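Just so you know, the sequences run in chain order A and B. Number 30 in the numbering used here belongs to position 30 of the first sequence; there are no gaps in the numbering. Numbering-wise, the numbering used here comes out as the position in the second sequence, counting from 1, plus 1000.
Just so you know, not all the hints are guaranteed correct.
[As the list claims (entries may be wrong)] Taking lysine-lysine pairs in the DSBU-like style, the calculated list, with each CA pair at most 35 Å apart, reads:
id, chain 1, residue 1, chain 2, residue 2
1, A, K3, A, K71
2, A, K110, A, K63
3, A, K110, A, K57
4, A, K110, A, K71
5, A, K98, A, K57
6, A, K59, A, K98
7, A, K57, B, K1080
8, A, K71, A, K98
9, A, K17, B, K1080
10, A, K63, B, K1080
11, A, K3, A, K55
12, A, K110, B, K1079
None of these hints come from the bench; they were simulated from the model. Note that the structure is a prediction, hence the values are computed from the model and not measured.
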Amino acid sequence: SQKIEQNSEALNIQEGKTATLTCNYTNYSPAYLQWYRQDPGRGPVFLLLIRENEKEKRKERLKVTFDTTLKQSLFHITASQPADSATYLCASQAAGNKLTFGGGTRVLVKP
Amino acid sequence: SQTIHQWPATLVQPVGSPLSLECTVEGTSNPNLYWYRQAAGRGLQLLFYSVGIGQISSEVPQNLSASRPQDRQFILSSKKLLLSDSGFYLCAWSGPPLSDTQYFGPGTRLTVL
């Protein structure tokens, strides 16, 4: 079956360092991957979309890569700040052409 | 610009009582609409989606139902709530296709006692 998976363990990182999150997909080839941020008690907010023919995409301190060989997307937060603490979700088109979300990875940036 | 509203923000209901959660979207026409549930510390579970008025697709069989009486209105209902229905309910909209970027509402925190 088609799956999209993220590391369920929380990522604790020191302020100023780069946080790297992983999103893996199996048994399908999405045309694009999306990344969202979710704060506690709030709905997810769209951050970035990267297409299969794009190797890298940037938005301010965020960088996303898409490796179709490894079937993986990496999400980087450079110069991380405590305000970056949140859960980050990846999503892609999967079964039934619907957007399917990974379980999310919680990031905690310590000052 | 588009906005999405959900209400109520929080709800505490006894087991066996009915439920009605409402979601409305402004600033767009013929959106795809979605209902998700999120248990504490867990991922998003897609419950229902709709591509048009009166068109509802169910992802998970359960005691919940959804309706879309108007183009930009999506309602989640239950006749009798279970303890397991507790969670954070999120409404979202997107343009076509179903894999398009989704925009979420503020959510409803439902506690069934």
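To see whether the hints hold, each was checked on the structure:
1. A:K3 to A:K71: Holds. K3 (chain A) to K71 (chain A) sits at ~11 Å (cutoff 35 Å).
2. A:K110 to A:K63: Since the Cα atoms of K110 (chain A) and K63 (chain A) sit roughly 20 Å apart, the hinted pair holds (cutoff 35 Å).
3. A:K110 to A:K57: Judged against 35 Å, a Cα distance of about 26 Å means the pair holds.
4. A:K110 to A:K71: holds, 31 Å
5. A:K98 to A:K57: Holds: K98 (chain A) and K57 (chain A) sit about 23 Å apart, inside 35 Å.
6. A:K59 to A:K98: Distance of about 25 Å is within 35 Å: holds.
7. A:K57 to B:K1080: Distance ~47 Å between K57 (chain A) and K1080 (chain B) Cα, so the pair is violated.
8. A:K71 to A:K98: Satisfied, since the Cα-Cα distance of roughly 19 Å is no more than 35 Å.
9. A:K17 to B:K1080: Between K17 (chain A) and K1080 (chain B) the Cα gap is close to 49 Å, so the pair fails against 35 Å, i.e. violated.
10. A:K63 to B:K1080: violated, 46 Å
11. A:K3 to A:K55: With a Cα-Cα distance of about 21 Å, the restraint between K3 (chain A) and K55 (chain A) holds, given a limit of 35 Å.
12. A:K110 to B:K1079: violated, 45 Å
Of the numbered hints stated above, those contradicted by the structure are hints 7, 9, 10, 12, listed in ascending order.
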